[in-house]
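Okay, here's what each chain looks like letter by letter:
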Amino acid sequence: MKLLLSETLIALKLSLRDRQSLFWAFLFPLLLLVLFVSAFGGGNPRAASGVLSGVICISIFTATLFGIGIVIASVREEGILRRYRITPLPKWVFVFGTVMSRYIVLFLSTAVLILAAEVFYHIEIVGGFFSLFVVFTVGTASFSALGFAVASFAPTAQSAVWMANVLLMPMILLSGATIPSYILPVWVNNVALGLPSTYLYDAVEEVIVFGGGVASIWPDLAVLMVFLTVAAALSVKLFRWE
Amino acid sequence: MAEAVSIKNLTKRYGEIPAVNDVSLSIFAGEIFGILGPNGAGKTTMIEIMEGLRGQDSGEVSVLGMDPRKERKKLNDVIGVQLQSTSFFRKLKVIEVVKQFAAYYSHHMDVDRLLESFSLEKKINNMIEDLSGGQRQRLTILLSLINDPKVIFLDEPTRDLDPRGRRQIWKVIEKAREDNKTLILTTHYIEEAEKLCDRVAIMDSGRIIALDTPGNLVASSNAQIRFGVASKENFDCVDLKKLSTVIDCVRKDVEYTLWVDNIEAALVELVKYLQEKNNTFSYLHVSRATLEDVFIKMTGKGIDE
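Heads up: the protein sequence lines correspond to chains E and W, in order.
Counting from 1, one number per residue, gives the positions in the first sequence under this note's numbering.
Counting from 1, one number per residue, gives the positions in the second sequence under this note's numbering.
Derived from the structure by calculation, the hints contain no laboratory data.
Any given hint might turn out to be false.
When the alpha-carbon atoms are kept at most 25 Å apart in a straight line, the in silico DSS-like pairs for lysine-lysine are as follows [what the hints assert, rightly or not]:
1) Lys91/E - Lys91/W
2) Lys123/W - Lys93/W
3) Lys70/W - Lys91/E
4) Lys171/W - Lys99/W
5) Lys13/E - Lys70/W
6) Lys242/W - Lys272/W
7) Lys2/E - Lys297/W
8) Lys122/W - Lys93/W
9) Lys13/E - Lys122/W
10) Lys122/W - Lys73/W
11) Lys13/E - Lys297/W
12) Lys91/E - Lys195/W
13) Lys237/E - Lys99/W
14) Lys195/W - Lys297/W
15) Lys93/W - Lys91/E
16) Lys2/E - Lys93/W
17) Lys2/E - Lys74/W
18) Lys73/W - Lys2/E
19) Lys91/E - Lys74/W
20) Lys93/W - Lys13/E
21) Lys91/E - Lys237/E
22) Lys2/E - Lys91/W
23) Lys241/W - Lys272/W
24) Lys123/W - Lys91/W
25) Lys252/W - Lys13/E
26) Lys237/E - Lys297/W
27) Lys99/W - Lys91/E
28) Lys175/W - Lys150/W
29) Lys237/E - Lys73/W
30) Lys175/W - Lys91/E
Given the sequences, and given the hints that come with them, work out the whole structure.
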């Protein structure tokens, strides 16, 4: 228990001391929010809510695919993780610390984002903070597992960058987070149903825009949980220190 | 004496090439054991198999009675390992790294005292990225001792260190000897092996080609007799090689160098030979082989080749 805490703290310190990751975590979502709202919003609070839902999802995708997938693959390539192999530290404790630290940073940056959205665009989380918290937590856990799966699959840091981008593009474009699904052809939406990102956006949008609670988003949550289980099992099996 | 490490018929291949070739070896508890060898001799591979970092193709390995592959996490708690190259997260402070690694073990040494004995106590709030190469190297060795391990593996611990840093590591190794630890180290510095090790194994092409105390290795090796003579007429290496005690002879300008097993017997024979020829020494220099001579003779190459 103490070890889980200290491992999380170390990973958190590393995240907070990295200026680049701080920019991506805190400023990038705010910039996206302002940009998208001024592009599509036109002062309509409902449209701004849709943008907020999308930006929250994009933050989760990038924080996990880049912040875990690419980062873990590169520190492994640098030989940093090799030193852990000769200690009794179980892999899962390291994984837990990393995920937990990303979760905390993402939690804080999302809170800042929501606060900004409330102050500047008068957005209300219609479905309530608790429901949002549940989706956010399940979503972050699922995509963290995907991030670890990327780090485990990729033989080099370079290939992790490649994989993360290949995964990120359809997730951002097809989930509804940037382009509304009703303007996409049916077959594209059918493809999107095969991606976990679609379910995350659907659930976040339901809570923020339409006021749904956990009761109405449980099918999305169930899909994300299944995805989480598969990705977590895969990454624990494939994860290597070097 | 109790065995700390037991290796039987160990073989590890990379493709077709055996990196470790049918090695059997016992390392005793409380021993400082050195593994010397040219680059690519298989030292690191063998040490990493003992640490459980690599599996073997065949043969048996037991460290403190444990199978390094099957009981790795349990073994990791009681051994200390310094890897040949280690990197750390650049944005962590020295004290954070040390405390973090200490937390991984079921028990650990006093962190402050350990930092002091490696002269790192003033650097504890420095980021890893601000440490010099020598300080970083000292930190990696410090971490290998943090769990007060029974067996310590050091893979080229003094590589890239200045003489002062090297002496500091030697002190740590001497301290480990006093504490009755088992210490296994590979090194490029023959002087280091000679000074520190109870026994030395010389490895070449995946095999152990010699194994003894540094003293015995040197003693069992040829000594050298170098000399000049007053009259060079009728005097050359071809005749000298016929002497029963002489193994080899080389003439360079006016100097003769003989390789002999037994210095006393060789000197007696040589003096007699000179008297028969009515010749005398112009000078005479007798030297024992150094461990380096032994190494070069056995591997056919210098240690840095």
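Do the hints match the structure? See the list:
no.: 1; hint: Lys91/E - Lys91/W; result: holds (21 Å)
no.: 2; hint: Lys123/W - Lys93/W; result: holds (9 Å)
no.: 3; hint: Lys70/W - Lys91/E; result: holds (16 Å)
no.: 4; hint: Lys171/W - Lys99/W; result: holds (23 Å)
no.: 5; hint: Lys13/E - Lys70/W; result: violated (34 Å)
no.: 6; hint: Lys242/W - Lys272/W; result: holds (14 Å)
no.: 7; hint: Lys2/E - Lys297/W; result: violated (55 Å)
no.: 8; hint: Lys122/W - Lys93/W; result: holds (12 Å)
no.: 9; hint: Lys13/E - Lys122/W; result: holds (21 Å)
no.: 10; hint: Lys122/W - Lys73/W; result: violated (33 Å)
no.: 11; hint: Lys13/E - Lys297/W; result: violated (54 Å)
no.: 12; hint: Lys91/E - Lys195/W; result: violated (40 Å)
no.: 13; hint: Lys237/E - Lys99/W; result: violated (29 Å)
no.: 14; hint: Lys195/W - Lys297/W; result: holds (20 Å)
no.: 15; hint: Lys93/W - Lys91/E; result: holds (23 Å)
no.: 16; hint: Lys2/E - Lys93/W; result: holds (20 Å)
no.: 17; hint: Lys2/E - Lys74/W; result: holds (20 Å)
no.: 18; hint: Lys73/W - Lys2/E; result: holds (19 Å)
no.: 19; hint: Lys91/E - Lys74/W; result: holds (14 Å)
no.: 20; hint: Lys93/W - Lys13/E; result: holds (10 Å)
no.: 21; hint: Lys91/E - Lys237/E; result: holds (10 Å)
no.: 22; hint: Lys2/E - Lys91/W; result: holds (22 Å)
no.: 23; hint: Lys241/W - Lys272/W; result: holds (15 Å)
no.: 24; hint: Lys123/W - Lys91/W; result: holds (14 Å)
no.: 25; hint: Lys252/W - Lys13/E; result: violated (66 Å)
no.: 26; hint: Lys237/E - Lys297/W; result: violated (49 Å)
no.: 27; hint: Lys99/W - Lys91/E; result: holds (18 Å)
no.: 28; hint: Lys175/W - Lys150/W; result: holds (13 Å)
no.: 29; hint: Lys237/E - Lys73/W; result: holds (17 Å)
no.: 30; hint: Lys175/W - Lys91/E; result: violated (33 Å)
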